[in-house]
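All chains should be built: construct the whole structure from the sequences, respecting the hints.
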Amino acid sequence: MSLTVREIEVRDIDLLLDYWYNSSSEHFLKMGADSSKLPSRNDFYNALVEQINSPVTEKKSYALIWEEDGVPIDHSNVNSIVFGKEAYMHLHVWNTNNRKKGSGSILVKKSLPFYFEKLQLETLFCQPYALNPAPNKTLQNVGFEFVKKYTTIPGSLNFEQEVNLWKMTRERFLLSKFNLE
Numbered sequence: 367m368s369l370t371v372r373e374i375e376v377r378d379i380d381l382l383l384d385y386w387y388n389s390s391s392e393h394f395l396k397m398g399a400d401s402s403k404l405p406s407r408n409d410f411y412n413a414l415v416e417q418i419n420s421p422v423t424e425k426k427s428y429a430l431i432w433e434e435d436g437v438p439i440d441h442s443n444v445n446s447i448v449f450g451k452e453a454y455m456h457l458h459v460w461n462t463n464n465r466k467k468g469s470g471s472i473l474v475k476k477s478l479p480f481y482f483e484k485l486q487l488e489t490l491f492c493q494p495y496a497l498n499p500a501p502n503k504t505l506q507n508v509g510f511e512f513v514k515k516y517t518t519i520p521g522s523l524n525f526e527q528e529v530n531l532w533k534m535t536r537e538r539f540l541l542s543k544f545n546l547e
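Going by our numbering, the sequence shown opens with residue 367, and the numbers climb by one from there.
A portion of the hints provided could be inaccurate.
Unchecked claim - Restricting the straight-line Cα-Cα distance to at most 27 Å, the calculated cross-link-like pairs of lysine-lysine (DSSO-like) are:
{"no.": "1", "residue 1": "Lys396", "residue 2": "Lys451"}
{"no.": "2", "residue 1": "Lys514", "residue 2": "Lys396"}
{"no.": "3", "residue 1": "Lys476", "residue 2": "Lys396"}
{"no.": "4", "residue 1": "Lys451", "residue 2": "Lys426"}
{"no.": "5", "residue 1": "Lys503", "residue 2": "Lys484"}
{"no.": "6", "residue 1": "Lys514", "residue 2": "Lys533"}
{"no.": "7", "residue 1": "Lys533", "residue 2": "Lys396"}
{"no.": "8", "residue 1": "Lys503", "residue 2": "Lys476"}
{"no.": "9", "residue 1": "Lys451", "residue 2": "Lys475"}
{"no.": "10", "residue 1": "Lys451", "residue 2": "Lys503"}
{"no.": "11", "residue 1": "Lys476", "residue 2": "Lys451"}
{"no.": "12", "residue 1": "Lys475", "residue 2": "Lys425"}
{"no.": "13", "residue 1": "Lys515", "residue 2": "Lys503"}
{"no.": "14", "residue 1": "Lys451", "residue 2": "Lys533"}
{"no.": "15", "residue 1": "Lys484", "residue 2": "Lys451"}
{"no.": "16", "residue 1": "Lys403", "residue 2": "Lys475"}
{"no.": "17", "residue 1": "Lys396", "residue 2": "Lys515"}
{"no.": "18", "residue 1": "Lys475", "residue 2": "Lys515"}
{"no.": "19", "residue 1": "Lys484", "residue 2": "Lys533"}
{"no.": "20", "residue 1": "Lys503", "residue 2": "Lys514"}
{"no.": "21", "residue 1": "Lys475", "residue 2": "Lys396"}
{"no.": "22", "residue 1": "Lys426", "residue 2": "Lys403"}
{"no.": "23", "residue 1": "Lys426", "residue 2": "Lys475"}
{"no.": "24", "residue 1": "Lys425", "residue 2": "Lys533"}
{"no.": "25", "residue 1": "Lys514", "residue 2": "Lys476"}
{"no.": "26", "residue 1": "Lys475", "residue 2": "Lys503"}
None of these hints come from the bench; they were simulated from the model.
As structure tokens, then:
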């Protein structure tokens, strides 16, 4: 099994949108999201095309496609980007068969160079739903530092919830870079 990471391309958008528009209410709840807050599929598609085509210094979001043996299986993205400073990462596993296999940690590790180098970040944050153990365990395994648990509305698709705030600094990333391969 070969796991790879690459930047999203326009050809990937329908796969990513299928994940959002075909996920069950139960899955949305588990990740702390509300499907009723999704924009129209067409608006979401156009927003993704715009972000793909934006200069890196102006991106509002930046997405990566995770592949197994060359086939797209999942994605990760960052938003709330302050170029050269910080961004907030999100992790999404499209197929339930891909969960609990340990590949998430490998793919997050392979995503970090894209985020730190392409966006010139000093700090990468991630704030998963506190009641969703999978991303919290993945972040801990990868070497993110736990900052705090607090209540917020972490994104436009989310409801108010307790989240765990994790961070990876550029210094920590560079020190552990050779362990991320």
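Hint numbers not upheld by this structure, sorted from lowest to highest: Violated: hints 1, 16.
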